[in-house]
Amino acid sequence: MILDKINGPDDIKKLSIDELKQLSEELRQYIIDVVTKTGGHLASSLGVVELTIALLRVFSPPEDEIVWDVGHQAYSYKILTDRKDRFPTLRQYKGISGFPSIKESPYDAFGAGHSSISISAALGIKVAKRLKGEKGKVIAVIGDGALTAGEAYEGLNNAGQLKEDLIVILNDNRMSISPNIGAMANYLIRVTTDEWLRKTKGHFEKVVKKIFGERIYKRMKRFEDLIVKGLFPPGMLFEELGFRYIGPVDGHNLETLIPVIENVSKMKGPTLVHVLTKKGKGYKPAEERPDKFHGVPKKKISVSVEKPVPKWTSVFSDALIELAEKDKRIVAITAAMPSGTGLDKFQKKFPDRYFDVGIAEQHAVTFGAGLAKKGLRPVVAIYSTFLQRAYDQIIHDVALQELPVIFAIDRGGIVGEDGATHHGVFDLSYLRIVPNVVVSAPKDENELRNLLYTAVKSNLPFAIRYPRGAATGVEIEKEFKEIPIGSWEILKEGKDIAIVATGWEVSQALEAAKELEKKGLSVTVVNARFIKPIDEVMLTDIAKKHRLVVTVEENTVKGGLGGAVDEFLSSWYGGKVYNIGVPDMFIEHGDQMLLREKLGLTGKEIAERVMNIVNKNKLIMS
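Its first residue numbered 1, the sequence shown is counted upward by one per residue in the working numbering.
Read the hints as simulated data drawn from the structure, not as lab findings. Please read these numbers as outputs of a predicted model, since none were measured by experiment. Yeah, the Cβ is synthetic: ideal placement off N, Cα and C, and Gly gets one too. Be aware that one or more of the hints could be misleading.
Taking lysine-lysine and the DSS-like style, the derived pairs with C-alpha atoms no more than 25 Å apart in a straight line are [claimed, not checked]:
| id | residue 1 | residue 2 |
| --- | --- | --- |
| 1 | Lys328 | Lys349 |
| 2 | Lys37 | Lys598 |
| 3 | Lys345 | Lys129 |
| 4 | Lys103 | Lys84 |
| 5 | Lys135 | Lys13 |
| 6 | Lys598 | Lys514 |
| 7 | Lys37 | Lys94 |
| 8 | Lys604 | Lys94 |
| 9 | Lys558 | Lys616 |
| 10 | Lys326 | Lys307 |
| 11 | Lys618 | Lys545 |
| 12 | Lys616 | Lys514 |
| 13 | Lys349 | Lys311 |
| 14 | Lys576 | Lys616 |
| 15 | Lys345 | Lys328 |
| 16 | Lys514 | Lys545 |
| 17 | Lys328 | Lys457 |
| 18 | Lys518 | Lys495 |
| 19 | Lys129 | Lys163 |
| 20 | Lys616 | Lys545 |
| 21 | Lys495 | Lys618 |
| 22 | Lys84 | Lys37 |
| 23 | Lys518 | Lys598 |
| 24 | Lys37 | Lys278 |
| 25 | Lys618 | Lys576 |
| 26 | Lys576 | Lys492 |
| 27 | Lys326 | Lys457 |
| 28 | Lys604 | Lys495 |
| 29 | Lys374 | Lys349 |
| 30 | Lys492 | Lys519 |
| 31 | Lys345 | Lys307 |
| 32 | Lys84 | Lys13 |
| 33 | Lys544 | Lys492 |
Label pairs and their computed distance ranges (CB to CB) [claimed, not checked]:
| id | residue 1 | residue 2 | range |
| --- | --- | --- | --- |
| 34 | Glu588 | Glu255 | 39 to 45 Å |
| 35 | Gly600 | Lys518 | 14 to 20 Å |
| 36 | Lys348 | Asp392 | 30 to 36 Å |
| 37 | Arg130 | Lys37 | 42 to 48 Å |
Can you build the whole structure from these sequences, using the hints too?
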C-alpha cells in the first residue's frame, strides 16, 4: 500500500500521479474505517482528500503554513503529516484531537474548532512572517459553509487591503452541516453553473483544437481553470475585494488541481482558488446524505430492548412545535444547525416561521432581536460553544433593550469527543453577569418543556441550557406548566448537608445523597433550576439549617451557580460553602461520561468530594 510508505509530506512529493490517485483511495478508506468506529466528522474529511494531497505535493509545512478552517476538514492532513499511526485514537481520551491543534503537532499552523477564522489567522501569520523575515507561504483553506460567516469577510477585506502574498483555498462543497443557504451560497452556485462560462469554455476548446490540434489541447486542458476561468466575471466579487480569482477547479482531479496550485504558489498578492469538491466523496452513504454523515457517532453495541430514552434536543424540538401550534408569535432561528438543534422538524411543520441564517451566530441573535422588537417570540437555538461568538449581540442588542429573545442553548456542559473547542462549560458564567437575562437549566424533560413555556410567556430575554445526549427518561406530562421565575425546589430534605445543583447535575446530586446517607449523613438536595435570578428565600432558609452548602454544576466553577451562591452568602453565612464544577482549565476530548467521572461530576465522585470536605474541616454533623 502507498499509504504505508507515507511518513510525512516529503514522501508525497516522490509519487507519480497514478500513485497519488491510489493514495487518495487508500486514504479515503482509512478515514472511513477509523471514523466509523471512533466517531467524528466523516463527510467533510472525505471531500478534501485530493485537495490535501495537492497542497502537500506543492507546499512544505511546517515552513509553509496551512490554516484549516472548520477544522474537521483536516483528518487527511493529520494522517499525511505526522499522525498516521495515531489516527485510530482520534477523539478518544488522551488521543489526537478531531480538530487542528498547535499543541498537538508543528504541522498544525492554527487551532480551528469553530468556523470562518482561517483567513484572519493566516493573514496575521503571513504579516508576522514578513516582519520577522521568515520564509514560507501561508495558505488558508476555508469551506464547508464557513464563507457564510462575517469574520471570513472581515479577513478578506483586510487581506485585499494589505496585498500580502496570501493564498485562500475556497473548498466549495455547497454544504456546511446541511446545504448552504443565503446569497453567498447562491452566488457560488451561479459561479459554478454559469451558462456563459460554459459556452466560453466550449468556444475556447474548439479554437485551440482547430489551431493547435488535439494533442496540444490535451496538454493545455490542465491549465484550463488558470487560463480561462480566472479571467472571466464569475470571480468578480473576490476580484473587487483585491484578490486574484482562480477557478472553479475540480477538487478531485489531481491532474488539474496540482498544476493550478503550483502556478498559484508563484503568484504575488492575495489569491483565491475556488475548488469544487463533493462532501462524502468515495463513500456512497455519505455522498447521498452528507448532512447525516457530517458527524457520525462511534459504534456502540446495544442489546437493550427497552424503549430508548429521548435526547434533550428531541424533547426541546417537540415542545417547541407543540407551543408553536398554539402561539403564532413563535419563530425559530438556527445558525446552520437545523438537525443538530432539532429545528429540522420545526422547519417541516412551519416553513414560513423557520430561519436558517448560515454560520452567523452574531446575525442570528440580532435578527432575533429585530423579530422580538415587532412582537414575535423568536427562539434562537444554538450550541453553547457557538453562542459565545454572539456575546456582544446578547448584551447590546437583546439584554440592553430587554427584548424577549429565547435562547435554546443545546450542548451545555461536557459534550465529549469534540473536546475543548466544543465543551459548553462557560455559558452559565457569561450569561449570569448580563443584566435583564433569565438563565435556567432543567433537571429533566418536563422541566425543559415547562421552562420553554415559561420563557414564551415571560416577555423577557430568557436562556434555557440543556446538555447533549439522552435525557432522564421521565414520563412526559401532556400539559405545560408555568414555573415562577427564580424559584427553586427541594427534592429531598435532610439536616446535615445541602447540595444545590442545576441541570443534569441534579440527578447526580440525588445519587451523591444516597452515597452520603450510607455514611450516616443527612442530605438536602435542591434543584436550582434558575441560575439567574436565584431563589434567595430558599437559599437563606437552607443556609440557616445546614452547616455545609455544596453547589454542583456542569459549568466552570468561576462565576456560575457556585458564584451566585457564594456572593449571596458571603456577608452573613457562618458555615462552609463548597463549589463543585468544571475546573478553571480547558477540558480535553474523550467520552462524555468518562470526562465527567475524571472531573468529579458524577454522583459517586461528588459524594467522595463532599466527604473529604467534611473530614478535612472536621465538621460535626447531627
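(request) Return the numbers of the hints above that this structure violates; sort them in rising order. (result) 3 and 10
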